[in-house]
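For the numbering used here, count along the sequence shown from 1 and bump the result up by 205.
These are computed hints drawn from the structure, not numbers from a lab.
A virtual CB, placed ideally from N, CA and C, is assigned to each residue, including glycine.
Don't take every hint at face value.
Claimed, not checked - Label-pair restraints from in silico Cβ distances:
#	residue 1	residue 2	range
1	THR333	ASN526	15 to 25 Å
2	GLY245	ARG302	30 to 40 Å
3	LEU315	THR429	27 to 37 Å
4	GLU445	LYS208	52 to 62 Å
5	ILE456	ASN526	16 to 26 Å
6	VAL311	ASN502	12 to 22 Å
7	PRO368	ALA489	23 to 33 Å
8	MET329	GLU445	50 to 60 Å
9	SER374	ASP268	57 to 67 Å
To be verified - Below 25 Å or equal to it, Euclidean Cα-Cα: the simulated SDA-like pairs (lysine to any residue) are:
#	residue 1	residue 2
10	LYS275	TYR401
11	LYS275	GLY290
12	LYS208	LEU220
13	LYS208	LEU227
14	LYS208	LYS275
15	LYS275	GLY308
16	LYS208	ALA295
17	LYS275	ALA343
18	LYS275	VAL404
19	LYS208	VAL404
20	LYS312	LEU384
21	LYS208	GLY308
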Amino acid sequence: MAKPGYRLALIATLLAVVVVLLGAYTRLTHAGLGCPDWPGCYGFLAVPMSEHKQNIAALRFPDAPLEVAKGWNEMVHRYFAGALGLVILAMAVQAVRRRAELGQPVKLPLLLLAVVIAQAIFGMWTVTLQLWPQVVTAHLLGGFTTLSLLFLLCLRLSGAFAPLPAIDSRLPRFAGFALLAVIAQIALGGWVSSNYAAVACTDFPTCHGEWWPQMDFANAFNLTHHDIGPNYLGGLLYGEARTAIHLTHRIGALCVTLVLLLLAAMLWRRGLGRLAGLLVAALALQVGLGISNVLLNLPLAVAVAHNGGGAALLLVLVLVNYRLRQPAHAARQTKAATISNTTGQLNLPRA
Numbered sequence: 206m207a208k209p210g211y212r213l214a215l216i217a218t219l220l221a222v223v224v225v226l227l228g229a230y231t232r233l234t235h236a237g238l239g240c241p242d243w244p245g246c247y248g249f250l251a252v253p254m255s256e257h258k259q260n261i262a263a264l265r266f267p268d269a270p271l272e273v274a275k276g277w278n279e280m281v282h283r284y285f286a287g288a289l290g291l292v293i294l295a296m297a298v299q300a301v302r303r304r305a306e307l308g309q310p311v312k313l314p315l316l317l318l319a320v321v322i323a324q325a326i327f328g329m330w331t332v333t334l335q336l337w338p339q340v341v342t343a344h345l346l347g348g349f350t351t352l353s354l355l356f357l358l359c360l361r362l363s364g365a366f367a368p369l370p371a372i373d374s375r376l377p378r379f380a381g382f383a384l385l386a387v388i389a390q391i392a393l394g395g396w397v398s399s400n401y402a403a404v405a406c407t408d409f410p411t412c413h414g415e416w417w418p419q420m421d422f423a424n425a426f427n428l429t430h431h432d433i434g435p436n437y438l439g440g441l442l443y444g445e446a447r448t449a450i451h452l453t454h455r456i457g458a459l460c461v462t463l464v465l466l467l468l469a470a471m472l473w474r475r476g477l478g479r480l481a482g483l484l485v486a487a488l489a490l491q492v493g494l495g496i497s498n499v500l501l502n503l504p505l506a507v508a509v510a511h512n513g514g515g516a517a518l519l520l521v522l523v524l525v526n527y528r529l530r531q532p533a534h535a536a537r538q539t540k541a542a543t544i545s546n547t548t549g550q551l552n553l554p555r556a
């Protein structure tokens, strides 16, 4: 049976999916600076549409000409992100009020509130620091973190899964390693996107017709070499550095694929065929979308779907890790209930 707060957590999770996809769409349509200020747009709560407001916008930001479509792309993303923040705030307040109830998560909703506040700050810096790649990548990772934690909260509140029988500890440990590998690959994908390296290689499986083309790894992954200030729309790295970023992401994808296939085989051998099948399906979809991005020259729909596929694969890994660690979590809840009952019995008044 679902616990109190489950429906609100489910709504927040679905809203987070929308925010992640809108963030990808905003980034891929080069609308990250569609509004040069934050949290408004040219000093207004919405994109200025009237001629009078547009004249004011031109006076306020003479170096950032208004593009209405890009402005709306950015503002719609902000509206949904703001709504998500309010829902998470409501969840945190409810969790604190219900903290005395058995099995009510409190730390997780409060952690979510902290993460979404940090996300708002990174969202501001994304604009004020002119799409600085380090900040853009951190903002993307924050969005995936928010989505993952919300999904984990849904799982804990759903009451939909019975604890699994005792499992060899090696499997949960390997599943945790696989989760970290997927997170690292998502970070690499964010670095590819924020440095505009998605089309640095336009052929597959080779790159520029070679298996190991000329690359500059030193500049590609130097996190300190970008000076804050210039507009990074379109990127500043030259071809060899972008090629290094792109090819590293491909190599990472190959490594992650091998890790996840091994995890799926381990799950299958232990009778967890549904989890294994779900993992393989999510992996196949994401790999297919990644290859399509290269061969089709990064079409917008496929590129956004690739971001969504990364989120889906991450959530599957969260589910796998939750299921494998659920027996320990259930044991802790049982122990807490036993202690609570014992304490209640000791405090009963004597006749």
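Cross-check of the supplied hints:
A beta carbon spacing of about 36 Å between THR333 and ASN526 contradicts the range 15 to 25 Å that was offered as a hint. Remark: the range hint 30 to 40 Å for GLY245 to ARG302 is upheld by a beta-carbon distance near 33 Å. With their beta carbons about 33 Å apart, LEU315 and THR429 fall inside the hinted range of 27 to 37 Å. For the pair GLU445 and LYS208, the beta carbons lie near 54 Å from each other, so the given range of 52 to 62 Å is met.
For the hinted restraint 16 to 26 Å between ILE456 and ASN526, the CB-CB distance of approximately 24 Å keeps it satisfied. Against the hinted window of 12 to 22 Å, the Cβ-Cβ separation of VAL311 and ASN502 comes to about 48 Å, which falls outside the hint. One distance hint, 23 to 33 Å for the beta-carbon pair PRO368 and ALA489, holds here, with the actual separation near 29 Å. About 33 Å separates the C-beta atoms of MET329 and GLU445, a value inconsistent with the hinted range of 50 to 60 Å.
Under the hint 57 to 67 Å, the C-beta atoms of SER374 and ASP268, about 58 Å apart, fit the expected range. Between LYS275 and TYR401, the direct Cα distance comes to roughly 18 Å. Compliance with the 25 Å bound is thereby established for this hinted pair. Restraint check for LYS275 and GLY290: the C-alpha separation of about 23 Å stays at or below 25 Å, so the hint holds. For a cut-off of 25 Å, the pair hint linking LYS208 to LEU220 stands: about 20 Å separates their Cα positions.
Straight-line distance between C-alpha atoms of LYS208 and LEU227 comes to about 30 Å, which puts the hinted pair past the 25 Å bound. Taking the CA atoms of LYS208 and LYS275, the gap is about 41 Å. The hint is violated against a cut of 25 Å. The hinted pair formed by LYS275 and GLY308 fails the criterion: a straight-line CA distance of about 45 Å is larger than 25 Å. Simply put, LYS208 and ALA295 have alpha-carbon atoms about 16 Å apart, close enough for the 25 Å limit, and the pair holds.
Note on LYS275 and ALA343: the hinted pairing holds, with a Cα-Cα distance of about 22 Å set against a maximum of 25 Å. Taking the CA atoms of LYS275 and VAL404, the gap is near 22 Å; set against the 25 Å cutoff, the hint holds. For the hint pairing LYS208 with VAL404, the CA-to-CA distance comes to about 46 Å; that exceeds 25 Å, so the pair is violated. Between LYS312 and LEU384 the CA atoms are separated by roughly 21 Å; this keeps the pair inside 25 Å, and the hint holds.
Among the hinted pairs, LYS208 with GLY308 is consistent with the structure: their alpha-carbon atoms are about 8 Å apart, no more than 25 Å.
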